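A.B. asks: Once you've looked at the hints, dock chain Y with the ligand against the given chain U.
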Amino acid sequence: MDAFSTLNGLVAPLDRSNVDTDAIIPKQFLKSIKRTGFGPNLFDEWRYLDYGEIGTDCSKRPLNPDFVLNQKRYQGAQILLARENFGCGSSREHAPWALLDYGFRAVIAPSYADIFANNCFKNGILPIVLSAEAVVTLFAEVATAPGYQLNIDLEKQQVTTPAGVVFDFAVDAFRKKCLLQGLDDISLTLAHVEEIKAFEVRRKIDEPWLFGP
Amino acid sequence: MSAQTLYDKLWDRHLVRCDDDGTCLLYIDRHLVHEVTSPQAFEGLRLAGRLPWRSGANIAVPDHNVPTTDRTIGISDPLSRIQVETLDANCEEYGITEFAMNDIRQGIVHIIGPEQGVTLPGMTIVCGDSHTSTHGALGTLAFGIGTSEVEHALATQCIIQKKARNMLVSVDGQVGPGITAKDITLAIIGKIGTAGGTGYVIEYGGDAIQALSMEGRMTVCNMSIEAGARAGMIAVDDKTIDYVEGRPYAPGGALWGQAKADWQSLHSDPDAYYDRVVHLDAATIQPQVTWGTSPEMVVAVDGSVPDPEEESDPVKREGMQAALAYMGLAAKTPITEIYPDTIFIGSCTNARIEDLRAAAVVVKGHKLAANIKRAMVVPGSGLVKKQAEAEGLDTIFKAAGFEWREPGCSMCLGMNDDRLSPKERCASTSNRNFEGRQGPGGRTHLVSPAMAAAAAITGHFVDVRTLEV
Ligand code: SF4
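Going line by line, the protein sequences match chains U and Y.
Quick note on numbering: my numbering labels position 82 of the first sequence as 82, and the sequence is numbered without any gaps.
With the second sequence counted from 1, adding 213 to any position gets you my numbering.
This is chain Y alone, in the form it adopts within the complex:
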């Protein structure tokens, strides 16, 4: 057999059938379900008199819409409550395992998958959410789908797809001290653009990727969608296998040995062919801060807001002008002279335990700067929260003036009460800085947890490496 990429291998393993025109049926091992994109799918199933193909392949959790404040009183917003209750009822009716709102295992769907061992190497994973790409960090083929496809996956355990092209993003060499996975992924998007990966599945490789922890790899794969790719993935190595071992839904006993042996082959062959290869020199990556309303509008912290006048492409120039107007920023403003009002540490990009540790190290012994009106830490899951509390991280954040919340998507998209007001400026560890994303008129700057923490205590963006911590 000719040399294959990891994507080729995963694709072939799951191919049920293929038509001559390349339209294929791909078998789905795991389907993750949340409350926002599933109600219409269950309704469709019910109307057609169909049942889930294999209930056990589905795992559900409410995350987008849940309050992050005291939950013992239930959900006060009636619409959010209906949506969460609809998920509960659908899971009950169809025998689908759900980590309900007050379960300690509840959290953001892309955080709890790997955490519970629900995500296993070699799987195909779908979810009605574009950041499903996160799970690719464990050597899976994982992508977001729409609600019609949620219904299709429920009913048939398959997805109709054509094969995408292969792209390798190789981050060569090692990053400098203090540079995080978030800086790497923002630098990649800055280089290839938000449509750079359209039509491709991205595999991340190179020394700097291999050196990342599993959680860091999840941060990188998470933002594949911001680079335009439907899926991102990283080869399985010992780190992957060590990470999975012993997790609640991971195989045990004799099956563990068998699984582990199989997973060793989940990497691209040495001379596999990629349709596109992009190299980044890890050593040149600096802490990143977005200045605009698209994740590709990003610069290093020691840079400045670019000047639209220097852009020759008229469509791009207008886009930059609109972004600057929306963000309330003047061209050429140094990034370190941008002052956020709000700090949000959370989301499926950066709300795992290592993220909270990285932020806590910076915050420890400091107070929020006087201009910071509000700062929140929203752990990615109940178990992340518990772990952080066991390590005393909550005390560090609270002492500095942060709010310590219950797990969920929260201000990443502001479907619950956690939103920005018009013109409120936020240093956010999430993945999207679109207009209105965190609240209508809200202004988002995407950064790493350490950089968000640095902005919290100094009151402006600053190279976290220059702070004495």
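If we strip away everything but chain U, and leave its shape as in the complex, we get:
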């Protein structure tokens, strides 16, 4: 996983609440057995006018001119501004894989679905929670200022607007550490191998039926 410390990036606004994982990456793309290559199919049903399948060359497909990510001013965006309950629905990690592959490194929203937020952290994407009012302010500013960028500082837990207004955000200390250092969860857990083994021994005594005949 790539580490995340600071980001100065272009912001793209997605003005809908309850954006679900089926919208982020439709199920036909879940047939892939790889982790990469989902970027061109991010928001596929909103982004293109035709129906996309795995392996179709997306550069030849008709774009939906009304979809926000297709607007010229948002090309190259690295920060997605979203509404409440972003990422609800399934546990598919293909959703953060698609966001990452497209180029997003951070999402800002008033709230997320639990599993989605968790999956983001595990893939080097920072899901920032700001208050509903702050998000409303940011949507208004993005709309009026082409080229609108935000500065995100994970160490300080701050989002700074071009005018210098600072929004603090909370982030789980463990997740923060992992993101800052690009740490792999499995290696961290395997540092506790002896504890897991000892626990398992106790468990076999307490609930032996869980360990087969």
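Calculated cross-link-like contacts (lysine-lysine; reagent style DSBU-like; alpha-carbon spacing at most 30 Å):
1. Y:Lys529 - U:Lys72
2. Y:Lys375 - U:Lys176
3. U:Lys204 - Y:Lys375
4. Y:Lys376 - U:Lys204
5. Y:Lys586 - Y:Lys636
6. U:Lys177 - Y:Lys376
7. Y:Lys586 - Y:Lys545
8. U:Lys176 - Y:Lys376
9. U:Lys60 - Y:Lys636
10. Y:Lys636 - Y:Lys404
The set of hints was computed from the structure by calculation and includes no laboratory data.
As the structure is a computational prediction, the values presented were derived from the model and not from experiment.
C.D. replies: For chain Y with the ligand alone, kept in the frame of chain U given last:
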């Protein structure tokens, strides 16, 4: 020790270690694996040169991507085939038990777990699928995980988690005749919203929940994720223990007695503390039908599609307008004047034997209404299918004009060939009515099996209780 909720008890039993900031390692008793969210996890394991911690804790089944038509010819879609073959190969390589596609025990992962006794009370269960919450009906702590966590669970038999908050949803009193578990769960979501349970583990309680069969309880726990909660659970009682007894993977002999005694304690203490408590009056619950593109967009069958103009919150209003446009519905349309094209009876929410029986009772002796273009029954597992056939349910459905399929996720998410066409309207017993969920442009109305059956024979949504069956 102070009073504990069921969640507190399950959490404590599985805690390997905890850091000061509350980041904990939770031991996982059972890991369920399917073909869609696991290939990248096995690949990661292989690349890191790791092995599964305990192969015997894993059980795999292909379900999302399998065809529901004749399988003796294999899978024709090459991508689906690769995914299923990848699962077969990974299970073979790592010594993981798999109910392969043509095994009679194959079925939707959340249906076969309880059916096989692979799901046991008191367990922690994870699966790379959000509807893992289903297993909470047996007094387990069960939740969906992403693919990185699938790899983590395989490699370490643990999951990194912080404890969620406790929420009690109490459905008080008894539901009226003809009201099903699906109506209860949709009514709960209608009340608390799709983010209502975010950050919580929900325990369902109250007389109406206790009165449900085990299968009904699974339907309720299944949709916890649609209420925003990562897990839902119900206390163990005699019904739970009777359900588990004698199942292939359930303990037998002396261990059975020991297990049973242990499981009796799997309920919340009388004065346990919940961070949030929600009460529903069971008697007021009517048959439910969703009208929009989120499960919280739900009303009783005698109601109408709401009018966005009457919504004061602008974000919500826009959401409603977008949903109505997508669904091709006008505000204030009575629910009984909505005409589906397609009927889908299936999914991990409602494809167990009781669901099929409930639908068959309504369908028996009738034909599909003239406007219904297609109707499918997709049993939740090979064993559910076999049981239904033994009871003659397949004959009832086929006589009415339904297709009788092989088990799998099917049109619940349309990863195989079973999908809606743009604008096709479906009465579905599944759990998600998101845009494009059942096929691009498809329009989904979530209902109970009995309500889907009623719509099939009348051609529109109708209160199943008013039909003469
Ligand atoms: S039936 Fe539907 S909700 Fe259930 S596991 Fe399959 S795809 Fe997911």
